[in-house]
Structure formats: C-alpha cells, structure tokens
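K.L.:
Residue numbers (my numbering), protein chains in the order written: chain A, 50 to 357; chain B, 50 to 357.
Treat the hints as calculated values from the structure; they're not laboratory data. Please note: incorrect hints may appear among the correct ones.
[Stated by the list, open to error] 25 Å max Cα-Cα, derived DSS-like pairs, lysine-lysine:
#1 B:Lys239 <-> A:Lys239
#2 A:Lys180 <-> A:Lys142
#3 B:Lys142 <-> B:Lys131
#4 A:Lys142 <-> A:Lys125
#5 B:Lys239 <-> A:Lys296
#6 A:Lys131 <-> A:Lys119
#7 A:Lys296 <-> A:Lys84
#8 B:Lys125 <-> B:Lys142
#9 B:Lys119 <-> B:Lys131
#10 B:Lys142 <-> A:Lys84
#11 A:Lys142 <-> A:Lys131
#12 A:Lys239 <-> B:Lys125
Just so it is clear, the structure is predicted and the values come from calculations on it, not from any experiment.
2 protein chains.
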Amino acid sequence: MSGFLNSWNDGEAKRAIIDFVSRVSDGNGPDFVPKVDRIATFDNDGTLWCEQPIQVQLFFAFDRLAEMAKADPSLKDRPPFKAFLERDLAAIKALGKEGAFRFVLTTHSGETPENFDRLSHAWLASAQHPKLRRRFIDNVYLPQLELLDFLRAHEFTVFIVTGGGGDFVRSVSEEIYGIPRHQVIGSSVKTRFEIDEGRADMVKLAELGSFDDREVKPANIHLHIGRRPILAFGNSDGDLAMLRYTKSSSYPSLALLLHHDDAEREYAYDGNFALSPLVEALDRAHEYGLTVVSMERDWNRIFGDQPG
Amino acid sequence: MSGFLNSWNDGEAKRAIIDFVSRVSDGNGPDFVPKVDRIATFDNDGTLWCEQPIQVQLFFAFDRLAEMAKADPSLKDRPPFKAFLERDLAAIKALGKEGAFRFVLTTHSGETPENFDRLSHAWLASAQHPKLRRRFIDNVYLPQLELLDFLRAHEFTVFIVTGGGGDFVRSVSEEIYGIPRHQVIGSSVKTRFEIDEGRADMVKLAELGSFDDREVKPANIHLHIGRRPILAFGNSDGDLAMLRYTKSSSYPSLALLLHHDDAEREYAYDGNFALSPLVEALDRAHEYGLTVVSMERDWNRIFGDQPG
Numbered sequence: 050m051s052g053f054l055n056s057w058n059d060g061e062a063k064r065a066i067i068d069f070v071s072r073v074s075d076g077n078g079p080d081f082v083p084k085v086d087r088i089a090t091f092d093n094d095g096t097l098w099c100e101q102p103i104q105v106q107l108f109f110a111f112d113r114l115a116e117m118a119k120a121d122p123s124l125k126d127r128p129p130f131k132a133f134l135e136r137d138l139a140a141i142k143a144l145g146k147e148g149a150f151r152f153v154l155t156t157h158s159g160e161t162p163e164n165f166d167r168l169s170h171a172w173l174a175s176a177q178h179p180k181l182r183r184r185f186i187d188n189v190y191l192p193q194l195e196l197l198d199f200l201r202a203h204e205f206t207v208f209i210v211t212g213g214g215g216d217f218v219r220s221v222s223e224e225i226y227g228i229p230r231h232q233v234i235g236s237s238v239k240t241r242f243e244i245d246e247g248r249a250d251m252v253k254l255a256e257l258g259s260f261d262d263r264e265v266k267p268a269n270i271h272l273h274i275g276r277r278p279i280l281a282f283g284n285s286d287g288d289l290a291m292l293r294y295t296k297s298s299s300y301p302s303l304a305l306l307l308h309h310d311d312a313e314r315e316y317a318y319d320g321n322f323a324l325s326p327l328v329e330a331l332d333r334a335h336e337y338g339l340t341v342v343s344m345e346r347d348w349n350r351i352f353g354d355q356p357g
Numbered sequence: 050m051s052g053f054l055n056s057w058n059d060g061e062a063k064r065a066i067i068d069f070v071s072r073v074s075d076g077n078g079p080d081f082v083p084k085v086d087r088i089a090t091f092d093n094d095g096t097l098w099c100e101q102p103i104q105v106q107l108f109f110a111f112d113r114l115a116e117m118a119k120a121d122p123s124l125k126d127r128p129p130f131k132a133f134l135e136r137d138l139a140a141i142k143a144l145g146k147e148g149a150f151r152f153v154l155t156t157h158s159g160e161t162p163e164n165f166d167r168l169s170h171a172w173l174a175s176a177q178h179p180k181l182r183r184r185f186i187d188n189v190y191l192p193q194l195e196l197l198d199f200l201r202a203h204e205f206t207v208f209i210v211t212g213g214g215g216d217f218v219r220s221v222s223e224e225i226y227g228i229p230r231h232q233v234i235g236s237s238v239k240t241r242f243e244i245d246e247g248r249a250d251m252v253k254l255a256e257l258g259s260f261d262d263r264e265v266k267p268a269n270i271h272l273h274i275g276r277r278p279i280l281a282f283g284n285s286d287g288d289l290a291m292l293r294y295t296k297s298s299s300y301p302s303l304a305l306l307l308h309h310d311d312a313e314r315e316y317a318y319d320g321n322f323a324l325s326p327l328v329e330a331l332d333r334a335h336e337y338g339l340t341v342v343s344m345e346r347d348w349n350r351i352f353g354d355q356p357g
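Given these sequences and hints, build the entire structure.
P.N.:
Okay, here's the thing in structure tokens:
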C-alpha cells in the first residue's frame with residue numbers, strides 16, 4: 050500500500066479505510082465485493098473542497114449576479130439579489146442552504162448548458178478564495194485526492210453526490226478530481242428542449258429540478274447509479290441519509306464523516322455554524338456506524354501547495 | 050477494421066459508421082473529438098432488442114400483475130389491470146406508450162430497488178418471446194452488439210436512453226450489452242427514503258418521476274451525462290429529439306434510425322403500427338440529417354443464434 054494515502058496519518062480512520070478496501074477487493078476473502086458493486090460516493094462541498102466561509106458556487110453567484118445587475122439595475126434592491134450583490138453572508142445564511150441554492154440555481158434560466166459550462170469553467174479557472182489566497186479549485190483536499198486514487202486503484206467507481214449544482218461541479222470534475230461528468234450527481238434545474246432554425250438545444254429554466262441534499266441524495270443515487278454504494282464520505286447532516294443508506298448495504302460498507310476541526314490550517318466548525326449543519330451525524334456517529342475523520346489529527350497535509 | 054461489424058452489409062449505413070468513428074478518433078485529423086466527448090446514446094426497445102408485438106417490459110407486467118391479482122382478485126375487473134391480465138394488446142395499445150408504461154411502472158410501489166431487481170432479473174433470465182421462440186434477452190440485435198463493441202474499441206462511452214423502466218433494463222444491461230447500470234437512463238418512478246429498525250432503504254412509489262421519451266430524452270441526457278452525444282441511435286419518433294440534439298453538436302455527429310422492414314427475419318412496421326410511432330423521423334430523415342438503417346438490407350444477421 051506504499052505510495053497511497055501519504056497525507057493520511059496512521060490512525061483509526063486510515064486503518065479503517067485500508068482494511069475495508071483490502072477486504073472488499075480480495076477475491077479469496079469472505080468480504081469480497083464484485084467490481085461492478087464497488088461504488089463510492091463523495092459529497093463535494095466541505096468533503097472534497099473547502100466550503101467556508103460559504104460554498105464556492107455562492108461566490109460564483111456573486112460575480113454572475115453582478116453582471117446581471119449591470120444589465121438590470123432594479124435587481125439591486127430586490128431580495129435576495131440584494132444580499133448576494135452586497136455579499137451579505139449573514140443574510141445569505143439566513144436563507145438556509147436550500148433557499149440560497151434554489152435562488153442561485155434558478156438565476157441561470159435561458160442559458161444553454163454549453164454556455165453555462167463555459168462561464169462556470171472560466172470562473173473556476175481563475176477565481177480566488179478570499180482568505181486562503183489561492184484559487185477555489187486549489188482548495189481541494191490532498192488526502193481526498195489520494196483516497197480517490199486509492200479507490201480507483203482497487204477498481205471502485207467513484208461518484209460525486211453534491212448539494213451544489215451538478216453542472217457547476219461538472220465543469221471542472223474531470224480536471225480536478227479525475228471524475229467524469231456522468232459520475233457527478235448534483236442539484237439541478239429543469240430544462241426545455243428548443244429548436245431554433247433547425248438547431249436543437251437544451252435551455253435551463255428557472256425551476257428547480259432536484260435539490261440534492263439529505264433524503265434526496267440516496268434517491269438520486271438510485272436514479273443515477275442504480276446501485277447502493279459500499280463506501281460514502283460526507284461532512285454534514287445533509288450527507289447522513291447517504292451515509293446510512295451505504296451502511297445498510299448487504300455488503301460490508303464504510304461510511305466516513307469529515308470533521309473540520311482545524312482552525313489553523315483550514316476552518317473549525319460543526320453544529321449550526323455553517324450553511325450545512327453538522328449535528329446529528331456527529332452526535333450519533335457511533336450509533337450509526339460512521340467513521341469520523343478529524344482534519345486536525347488524521348491529515349498531515351490538507352492542500353497540495355502546503356508543505357508536508 | 051476487420052473483425053468488427055461483420056453482421057453489417059457493406060452499404061451506406063456501414064460506411065457512414067466506419068467513416069464517422071474513424072474521423073472522430075483520428076488524433077491527427079480535423080474532425081478529432083477528445084475521448085471524454087465521445088458519447089454515444091442508444092434507445093433500447095426496437096433499437097437494441099425486439100419490441101414487437103409490444104415492449105418486453107409489458108410482458109413482464111403480465112406476469113407480475115397476475116401475481117398481484119392472486120392476492121387481490123378485485124383487480125381483475127379494474128381497468129387497465131383487466132387489459133394486462135387478459136393480455137389484450139389492442140386495449141394496451143389504446144393506452145398509448147406513455148399510458149401503458151405509466152401504469153406498469155407505478156405498479157411496483159412498495160418494492161425496494163433491490164427486490165425489484167431480483168424479480169426483474171429472474172424473469173428476464175427465463176421468459177420467452179411468444180413468436181420468436183427464444184428468450185427476450187436473446188432477441189438483442191447482433192449487429193448492434195458489434196456496433197457497441199466497435200464504439201468502445203474507439204473509446205466511446207455508451208449509454209442506453211430508454212423509454213422503458215431504467216431499473217428493468219439495468220437488471221440485465223451489464224450481462225447482455227456490457228453497459229454498466231449507471232450508463233442506463235430510463236423512465237423512473239419517485240422513491241422514498243425509509244428507516245426501519247435502524248436499516249435505511251429506498252422504496253418505489255406509485256408516482257412517475259420521468260417518462261423518458263421524446264423531448265425528455267435530451268433533458269435526461271443532460272441531467273445524467275452532462276454532455277451532448279456525438280452519436281445516437283433510435284428507431285421511432287420517440288427518439289427524434291435525441292437524434293436532432295445529437296445532430297446539433299458543435300462536433301461532427303452521426304444520428305442513426307433503424308427501420309424495421311424485415312417481416313421475414315423480425316418484423317416490418319412503421320407509421321402508427323407500433324406503440325412507438327415512426328412517422329416524422331422517417332419522413333424527414335434526409336432534412337434532419339439522419340442515416341436510415343434498413344434491417345433487411347443493412348444487416349446480414351439479426352440475432353446471434355441465426356445462421357449468417
């Protein structure tokens with residue numbers, strides 16, 4: 050196993066991962082799981098990349114909505130546009146995660162997916178995190194990139210299951226995670242098929258299709274994957290249904306919960322501090338069979354550009 | 050290219066396929082398409098396997114509903130149960146494709162996906178086609194299996210996009226097509242997340258989620274794949290939106306339409322004969338840039354167990 054998981058400290062979490070992956074991929078062992086059933090699902094915000102002080106896509110919305118307000122200044126006084134244009138984090142958090150995302154996702158109506166993809170990709174290629182002073186896409190967690198590689202080396206198929214917009218994450222998923230777009234499941238808006246002068250396109254509508262959080266995560270996992278995961282990784286109560294669904298597999302399974310307890314190198318938060326609360330999943334981790342990963346204790350590096 | 054597409058006769062369709070696939074996978078040519086964008090989508094009923102006299106899943110429903118009627122005899126007189134229990138094809142066709150599938154898909158409410166999968170797989174492993182005298186799953190078209198192999202050899206990622214139930218097709222998609230479950234997009238019902246004595250499961254509901262036909266096909270392609278196909282294959286007006294969406298790619302693209310014109314070896318039908326009408330797609334194939342594949346002229350074998 051050398052060469053894998055180098056940013057993970059020896060400890061319960063790393064041992065649980067290595068033990069689990071070894072057991073399910075050992076064709077001669079009693080816990081073997083056929084390759085096609087080796088499905089792993091990862092939350093994105095706060096699990097694969099930093100979600101503080103608010104989710105990356107909400108920063109994207111700041112810039113998109115500012116563009117829209119140039120064309121239509123009347124938006125400036127209309128809530129919740131106003132909160133976003135003024136980057137009023139308290140007002141945005143007061144909307145709740147679903148409220149904030151519902152608003153943001155439906156502001157792209159009229160765009161084709163291809164045009165949205167260009168906007169999203171161009172923004173992510175350059176936009177910087179205000180505190181950590183690197184690009185948002187450089188705020189992916191190195192230990193998680195190593196875990197994705199470790200799982201793929203053991204012939205897992207890895208999916209992202211995010212409360213954020215699926216199209217937003219897809220615009221960089223191959224580049225930053227090596228995860229193909231069709232293995233990204235996220236929140237979505239409805240679309241309309243249009244034919245204009247013989248050319249057929251999809252167009253985004255201002256109506257939410259699915260807000261991929263809490264009980265909707267396992268529903269979308271079934272809809273998109275058609276198999277129950279045997280490994281899942283999350284960091285909030287929004288991931289709890291997915292984690293418990295995974296732990297109820299008839300195969301051996303592993304459900305991991307990242308605890309952000311590292312104020313020095315990243316952020317320290319739980320409870321209701323963030324837009325994605327972490328209360329029940331942490332309090333009842335033992336009862337639900339979740340393996341808690343401490344950012345402070347279990348990871349010796351967090352970001353790729355930090356020294357080890 | 051020898052060893053590929055042996056069941057395809059030399060002709061316009063085979064030449065169009067070979068020419069297209071060669072061009073988009075030639076890294077030095079002007080029509081090169083990166084691997085990640087080599088997405089192919091296939092309809093299932095009537096495109097990959099036989100859909101006559103009615104779709105395979107409706108035969109499955111005959112047997113499932115007979116089981117249900119044993120437990121509740123009052124169903125026998127209730128439409129549309131009655132039509133299915135009496136195998137009254139005319140009455141079923143009168144429901145229309147969406148009506149028939151909506152009814153069938155919503156009769157599995159209360160089942161977990163895992164239990165449905167066992168029922169569906171067990172039935173498909175043995176159930177026989179009434180006229181062709183082989184199992185339904187042996188009614189897959191050999192030339193199409195060769196085409197799937199040809200595309201995969203050129204690093205296409207292949208998806209099924211079916212009006213039938215996604216879960217029904219998934220129960221055999223790996224076995225008969227080599228297509229992973231998460232690359233099967235189909236009609237679906239809504240599901241509910243349930244926890245019972247600490248065990249988390251999904252349960253199918255009696256409410257349609259998506260009927261994956263006509264304009265819904267490109268919408269679901271966007272939702273599940275996040276990329277526009279460059280090759281699509283269908284056989285009815287229900288596939289036309291997907292075919293035109295594909296032909297409107299900014300890359301070179303190929304849209305194929307199978308015409309069932311072989312009464313001797315399979316069936317001959319178009320117009321409104323089948324539950325899936327074929328009118329506009331055939332009449333306007335040239336205008337829309339569709340390549341029509343004639344079962345009679347273009348395929349020298351149809352099923353794997355027939356002599357060449």
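K.L.:
A separate judgement is required for each hint: does it hold in the structure or not?
P.N.:
Hints and how they fare:
1. B:Lys239 <-> A:Lys239: holds, 16 Å
2. A:Lys180 <-> A:Lys142: holds, 18 Å
3. B:Lys142 <-> B:Lys131: This hinted pair holds, its Cα atoms lying about 14 Å apart.
4. A:Lys142 <-> A:Lys125: holds, 19 Å
5. B:Lys239 <-> A:Lys296: holds, 22 Å
6. A:Lys131 <-> A:Lys119: holds, 13 Å
7. A:Lys296 <-> A:Lys84: With a Cα-Cα distance of about 18 Å, the restraint between Lys296 of chain A and Lys84 of chain A holds, given a limit of 25 Å.
8. B:Lys125 <-> B:Lys142: Roughly 19 Å between the alpha carbons, so the hint for Lys125 of chain B and Lys142 of chain B holds.
9. B:Lys119 <-> B:Lys131: Measuring from Cα to Cα gives roughly 13 Å; hence the hint holds.
10. B:Lys142 <-> A:Lys84: violated, 41 Å
11. A:Lys142 <-> A:Lys131: Holds: Lys142 of chain A and Lys131 of chain A sit about 14 Å apart, inside 25 Å.
12. A:Lys239 <-> B:Lys125: violated, 39 Å
In terms of the numbered hints stated before, the structure departs from hints 10, 12, listed from lowest to highest.
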